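Asks: Residue numbers (my numbering), protein chains in the order written: chain A, 37 to 361; chain B, 37 to 361.
If you are wondering where the hints come from, they were derived from the structure by calculation, not from laboratory data. Bear in mind the structure is a predicted one, so any value in this text is a computation, not a measurement. Mixed in with the good hints there might be a few duds.
Which copy is meant is left open, because identical chains are indistinguishable; a pair holds if it fits in one copy or across any two.
Straight line, CA to CA, 30 Å or less: simulated BS3-like cross-link-like pairs of lysine-lysine [claimed, not checked]:
no., residue 1, residue 2
1, Lys331, Lys241
2, Lys74, Lys127
3, Lys275, Lys92
4, Lys74, Lys92
2 protein chains.
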Amino acid sequence: MVEEKYLITGFSGFVSRYFCDYLEKNKINALIKGIDAKDCALRFDDFKHVRVNFEKMDLLSFDSIERVLAEFKPDYILHLASYSSVALSWKTPVQSFQNNTNIFLNLVEALRKLNMKNTRLLSVGSSEEYGDVTDGDLPLREDHKINPISPYAVARVSQEYLSRVYADGYGINIIMTRSFNHIGPGQKSIFVISSLARQLVELKKAGGNGGKIVAGDVSIVRDFTDVRDVVHAYYLLLKNGKKGQIYNVCSGRGVSLKDVIAIMAAQLNINVDIHIDDELIRPSDNKIIIGSNEKIKKEIGWNNSIPLEQSLSDILSYWESEVTH
Amino acid sequence: MVEEKYLITGFSGFVSRYFCDYLEKNKINALIKGIDAKDCALRFDDFKHVRVNFEKMDLLSFDSIERVLAEFKPDYILHLASYSSVALSWKTPVQSFQNNTNIFLNLVEALRKLNMKNTRLLSVGSSEEYGDVTDGDLPLREDHKINPISPYAVARVSQEYLSRVYADGYGINIIMTRSFNHIGPGQKSIFVISSLARQLVELKKAGGNGGKIVAGDVSIVRDFTDVRDVVHAYYLLLKNGKKGQIYNVCSGRGVSLKDVIAIMAAQLNINVDIHIDDELIRPSDNKIIIGSNEKIKKEIGWNNSIPLEQSLSDILSYWESEVTH
Chain A
37 MVEEKYLITG FSGFVSRYFC DYLEKNKINA LIKGIDAKDC ALRFDDFKHV RVNFEKMDLL
97 SFDSIERVLA EFKPDYILHL ASYSSVALSW KTPVQSFQNN TNIFLNLVEA LRKLNMKNTR
157 LLSVGSSEEY GDVTDGDLPL REDHKINPIS PYAVARVSQE YLSRVYADGY GINIIMTRSF
217 NHIGPGQKSI FVISSLARQL VELKKAGGNG GKIVAGDVSI VRDFTDVRDV VHAYYLLLKN
277 GKKGQIYNVC SGRGVSLKDV IAIMAAQLNI NVDIHIDDEL IRPSDNKIII GSNEKIKKEI
337 GWNNSIPLEQ SLSDILSYWE SEVTH
Chain B
37 MVEEKYLITG FSGFVSRYFC DYLEKNKINA LIKGIDAKDC ALRFDDFKHV RVNFEKMDLL
97 SFDSIERVLA EFKPDYILHL ASYSSVALSW KTPVQSFQNN TNIFLNLVEA LRKLNMKNTR
157 LLSVGSSEEY GDVTDGDLPL REDHKINPIS PYAVARVSQE YLSRVYADGY GINIIMTRSF
217 NHIGPGQKSI FVISSLARQL VELKKAGGNG GKIVAGDVSI VRDFTDVRDV VHAYYLLLKN
277 GKKGQIYNVC SGRGVSLKDV IAIMAAQLNI NVDIHIDDEL IRPSDNKIII GSNEKIKKEI
337 GWNNSIPLEQ SLSDILSYWE SEVTH
């Protein structure tokens, strides 16, 4: 039995669980080492094909990262560790930068020092890198100008440029994404869809036929992909992505937050008043972001398969089991 | 007497001395606080208009930077601190990144936390940010696509994007440069012109009518500006630059290293054989870089006044007094 070795950073976050599930469902024999600065509550006792091992560590410590790479010798690295909230990055820009860019720099530098050129690393970036765009720019293709306008976006752009230098200059085997918003059951409620879903479920559980929820600018349009489609893309990119290349991971469809709220309210059969909280409106924000997924479809054969309505329904079910009144 | 207060980071480096000289020569009453991680050997005892005070400190310590800003309350900050060698950045990319980008992040974050929006900060960037360019792109204008291809260039681009976010998102008063190669007496011989000048002076002093010098790719073309013109630009930008704007600082003229060597050899009246050392050729390097200085000329009224031949002659004189055989 050939067993593939995956190192997953940011293992205690939202996406790693779904990546492990993907491998298990597809009967891929894998040994996974998860690392994260936070504790990990995930359990994988019922898995048959995938073995998982977790270690808590400070990813800002170069020595720790280097030791893990030298000991584990991964075939693949899925780099999910990130300070991934745009909103919070405005409040703590230094932490955002260090926990995106400096962590990533430690990782690629350790690969370079250990001369691990066969290990394939997926550097997860963000649609936020495109920054302020106009309707004529849409859908955003990978060759579109980047223009980061938040601390989070700057950190991601820095990571991407470091990726290019380490791939082209040092020969490290790095594939990059610009991942658009992803959503799914279990995502923390600091992220917008999860926050809205939670509020709607709370309204529903409070009885009556609806009420008020609090939101920022609900006219903004985003391109949402289900996390289960996202991890499928990450797997395919680790396997077949071209070294030094960037791939959008997105649905190609834009939906406003207002429409997302309407879909979920209809699914819950409630009426909703949206209260705009200026505190939730960011200093600089993009109005519309929609990506092109042509490149990843054509070159890698990925396709998103879960419709938005299904994702939203699953997210509501998640919050229905979490929220108790 | 109104006294302007300048904080200068990277005070022990090559440029700060010339900036102080500029203020003194122009009879600008100024109090300067220089900070650097390294000791500073500069003396200013004969100055009449400019008072200088130096403090050695770790610029990677946020607390130290914050304390200095709170105590000194500068009107202007000239941010020269940098790990500025492209060649060395390939050998120690992490140090290059931290000592460019992370130091800068500390500085702007301290300004933000202290709400110092009247302090004007000049963020010195680099022509290396433009990266790989073709003849048709020349001379490079500020709106040209950036494309960093060395660890140093990535660090500078990250700094520039951070500048934009802190200026546009937080209202910090930042003006940015993309400074092309600058040269002058006193520059360390890890930089190419200084290294070549030193070797030529050593040849001259060894007697005979010339000999062999060691260089990397001498066909590369760069845009050199005398450091005395550069500090003039920095002063004008601190005074009159527009917040959030980027300005090339360059001569607009390109010269190959081969031609630079020929000019200096003629000035010394020696013959030179150039020995190419492959070790000195970098993994990725730009062949030709020439900038456009239209923007800074038009908007700020700067002009470079010292011809290349004069700069080279002064650099040779410097090494003639330094090199002893």
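Asks: Determine for every hint whether it applies to the structure shown.
Replies: A quick look at each hint next to the structure:
1. When the C-alpha separation of lysine 331 and lysine 241 is checked against a cutoff of 30 Å, the pair qualifies neither within a copy, at 43 Å, nor between copies, at 61 Å.
2. In this homomeric assembly, lysine 74 and lysine 127 come within 30 Å of each other (Cα to Cα) only inside a single copy, at 21 Å, whereas the closest approach across copies is 33 Å.
3. Within a single copy, lysine 275 and lysine 92 get their C-alpha atoms as close as 27 Å, which meets the 30 Å cut-off; across copies the closest is 50 Å, which misses it.
4. For a Cα distance limit of 30 Å, the shortest separation of lysine 74 from lysine 92 inside one copy, 6 Å, qualifies, whereas the shortest one across copies, 37 Å, does not.
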